[in-house]
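Could you build the full structure based on these sequences and the hints that come with them?
Protein chains: 2
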Amino acid sequence: MNLILLRPDELAAAEAGSHRAVLADRRLQHLREVLRARAGDEVGVGVEGGAIGRATVVALDAHAAELQVRLSEPPPPALDVTLALALPRPPTLRKVLQQATALGVKRFALFRAERVERSYFSSHGLHATAIAEDLRLGLEQARDTIVPTVEIHPEHFGRFVRERLPALSEGRSLLVAHPGAPTPCPRAPIGPATLMVGPEGGFIPAEVAALAQVAQAIDLGPRILRVETAVVALLARLSP
Amino acid sequence: MNLILLRPDELAAAEAGSHRAVLADRRLQHLREVLRARAGDEVGVGVEGGAIGRATVVALDAHAAELQVRLSEPPPPALDVTLALALPRPPTLRKVLQQATALGVKRFALFRAERVERSYFSSHGLHATAIAEDLRLGLEQARDTIVPTVEIHPEHFGRFVRERLPALSEGRSLLVAHPGAPTPCPRAPIGPATLMVGPEGGFIPAEVAALAQVAQAIDLGPRILRVETAVVALLARLSP
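If you read the protein sequences in the order shown, they are chains A and B.
Sequential numbering of the first sequence, starting at 1, is according to full-length UniProt numbering.
Sequential numbering of the second sequence, starting at 1, is according to full-length UniProt numbering.
Keep in mind that the hints were calculated from the coordinates and are not lab data.
Small disclaimer: the values here were computed from a predicted structure and weren't measured.
For each residue, glycine too, the CB sits at the ideal point set by N, CA and C.
Keep in mind that the hints are not guaranteed to be accurate.
Said to hold, decoys possible - Taking lysine to aspartate or glutamate and the DMTMM-like style, the derived pairs with C-alpha atoms no more than 25 Å apart in a straight line are:
hint, chain 1, residue 1, chain 2, residue 2
1, A, Lys106, A, Glu151
2, B, Lys106, A, Asp219
3, A, Lys106, A, Glu133
4, A, Lys106, A, Glu42
5, A, Lys106, B, Asp219
6, B, Lys106, B, Glu73
Stated by the list, open to error - Pair ranges (Cβ atoms, derived):
hint, chain 1, residue 1, chain 2, residue 2, range
7, A, Val58, B, Gln216, 40 to 48 Å
8, A, Ser119, B, Arg164, 46 to 54 Å
9, B, Ala12, A, Arg187, 43 to 51 Å
10, A, Arg89, B, Ala39, 27 to 35 Å
11, A, Val214, B, Val22, 24 to 32 Å
12, B, Pro222, A, Glu170, 27 to 35 Å
13, B, Ala16, A, Pro182, 29 to 37 Å
14, A, Thr56, B, Gly171, 48 to 56 Å
15, B, Arg118, A, Arg115, 22 to 30 Å
16, B, Ala167, A, Ala16, 31 to 39 Å
17, A, Val58, B, Pro179, 23 to 31 Å
18, A, Val214, B, Ala128, 47 to 55 Å
Put into structure tokens, the structure is as follows:
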């Protein structure tokens with residue numbers, strides 16, 4: 001946790017443009033147990049949807065921590081890549097949400113494909129609280145404050161491509177990661193983009209054919225990577 | 001597992017340039033339970049240190065699987081980047097070994113730094129069998145057969161830099177990932193390289209100063225990433 005993320009309603013105005021916040025939840029625990037903070041220490045802070053800065057620990061005991069917060073700069077720039085991901089198994093979903101959020105992705109769309117197990121759509125990892133937790137971990141890691149959106153599209157793949165994908169890719173480059181595609185993944189930012197990544201076993205031929213009509217297939221080389229590795233590798237190449 | 005990895009001593013010559021192999025361990029389990037293979041099915045295979053190809057399942061029951069193996073091509077090219085990594089906590093080490101092996105790294109050097117907990121050097125994850133397992137998982141994922149080497153350098157950081165790093169970087173570019181460095185991480189292969197990645201909390205200033213004498217500091221942007229994310233992002237940019 002490189003940043004303690006505060007909700008706007010937790011900030012009370014204090015002297016000289018600073019704010020005051022009192023924490024009593026897992027962030028207090030983190031301050032005490034991981035950062036071993038004491039009164040007078042400085043920590044990184046940010047406010048959800050807003051600026052980042054530093055906070056001085058004014059007081060801290062087992063029940064609460066009081067912070068004097070000075071917000072000074074905007075969060076790091078977002079990565080303008082929408083990640084459309086075939087819903088992976090729950091532990092992989094957690095890793096991808098955390099890591100792609102840390103890398104600056106602000107919009108996720110989780111879709112169904114033939115090789116996605118149906119049970120994944122009823123997993124606990126898709127509950128709003130579980131997703132919010134993964135996004136928060138990614139933001140705290142990267143000192144970001146802008147919470148991504150996550151859409152879940154359980155409809156059939158054909159319907160997703162026909163009815164949802166056009167809106168997800170309007171005005172954006174639409175790329176699909178496909179091992180063996182003749183075009184390599186770009187090595188630099190390409191402007192607004194929507195990146196599709198298939199399931200662990202790949203898209204089936206009918207899905208590849210459907211996507212060939214609308215998306216540019218890109219390749220990451222001859223090595224078959226796990227979904228969580230491929231997502232980080234693709235986003236790293238498309239990042240500024 | 002995209003490839004069943006065989007040891008050379010498991011191959012017996014058979015007709016027409018093919019080989020025969022009999023499996024009775026976790027690879028048998030994988031064939032039965034994950035791939036749900038039956039007699040007549042084809043699976044990807046490779047031989048440690050050698051070629052990859054396809055195998056036909058000749059017979060399979062609860063006790064053994066017999067494969068007819070045809071080796072046809074070399075494994076994917078290696079990534080000529082030596083990864084020198086401050087020893088991370090054990091779960092992170094596992095992820096890095098698996099993912100960097102999948103990305104083609106063939107040499108790892110694990111070193112001590114001020115922010116590396118001493119207990120990590122006595123963790124179970126550093127036992128030869130645990131390391132071999134992580135390397136194997138990475139190779140099976142990427143359909144590779146060339147087993148990386150892993151060196152462990154528990155000596156003091158200063159001594160590591162003076163006495164070990166010269167040999168690890170001889171004839172190679174020496175890069176150190178350092179958030180805020182003025183030079184961005186290259187976006188294309190740069191020839192043989194040694195890439196140093198520090199501990200989760202970063203190098204301390206004295207370590208940064210020592211490395212500034214010998215290595216090119218490179219930056220991945222304003223977002224602070226976890227070690228396992230940063231390693232994949234850096235290797236993805238340096239990969240062909």
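Evaluated hints:
1. At most 25 Å may separate the alpha-carbon atoms for a hinted pair to count; A/Lys106 and A/Glu151 meet this at roughly 11 Å.
2. This hinted pair checks out: B/Lys106 and A/Asp219 have alpha carbons roughly 22 Å apart, not beyond 25 Å.
3. Between A/Lys106 and A/Glu133 the alpha-carbon distance is near 15 Å, which keeps this suggested pair within the 25 Å criterion.
4. Among the hinted pairs, A/Lys106 with A/Glu42 is inconsistent with the structure: their alpha-carbon atoms are about 29 Å apart, more than 25 Å.
5. Among the hinted pairs, A/Lys106 with B/Asp219 is consistent with the structure: their alpha-carbon atoms are about 22 Å apart, no more than 25 Å.
6. Between B/Lys106 and B/Glu73, the direct Cα distance comes to roughly 19 Å. Compliance with the 25 Å bound is thereby established for this hinted pair.
7. In this structure the supplied range 40 to 48 Å holds for A/Val58 paired with B/Gln216, their Cβ-Cβ distance being about 42 Å.
8. Range check, A/Ser119 to B/Arg164: about 49 Å between beta-carbon atoms, so the 46 to 54 Å window is met.
9. Between B/Ala12 and A/Arg187 the beta carbon distance is about 45 Å. The supplied range of 43 to 51 Å therefore holds.
10. In this structure the supplied range 27 to 35 Å holds for A/Arg89 paired with B/Ala39, their Cβ-Cβ distance being about 29 Å.
11. Distance hint check: the CB atoms of A/Val214 and B/Val22 are about 47 Å apart, inconsistent with the given range 24 to 32 Å.
12. At roughly 28 Å, the beta-carbon separation of B/Pro222 and A/Glu170 lies within the given 27 to 35 Å, and the hint holds.
13. The hint said 29 to 37 Å for the Cβ distance between B/Ala16 and A/Pro182, and at roughly 33 Å that hint holds.
14. Roughly 50 Å separates the CB atoms of A/Thr56 and B/Gly171, a value that falls within the hinted 48 to 56 Å.
15. A C-beta distance of roughly 44 Å is found between B/Arg118 and A/Arg115, which places it outside the suggested range of 22 to 30 Å.
16. Here the CB-CB span from B/Ala167 to A/Ala16 is close to 55 Å, at odds with the stated 31 to 39 Å.
17. Between A/Val58 and B/Pro179 the CB atoms are about 29 Å apart, so this pair conforms to the stated range of 23 to 31 Å.
18. Taking the beta carbon of each, A/Val214 and B/Ala128 are about 49 Å apart, inside 47 to 55 Å as hinted.
Checked against the numbered hints listed earlier, the structure breaks hints 4, 11, 15 and 16; every other hint is satisfied.
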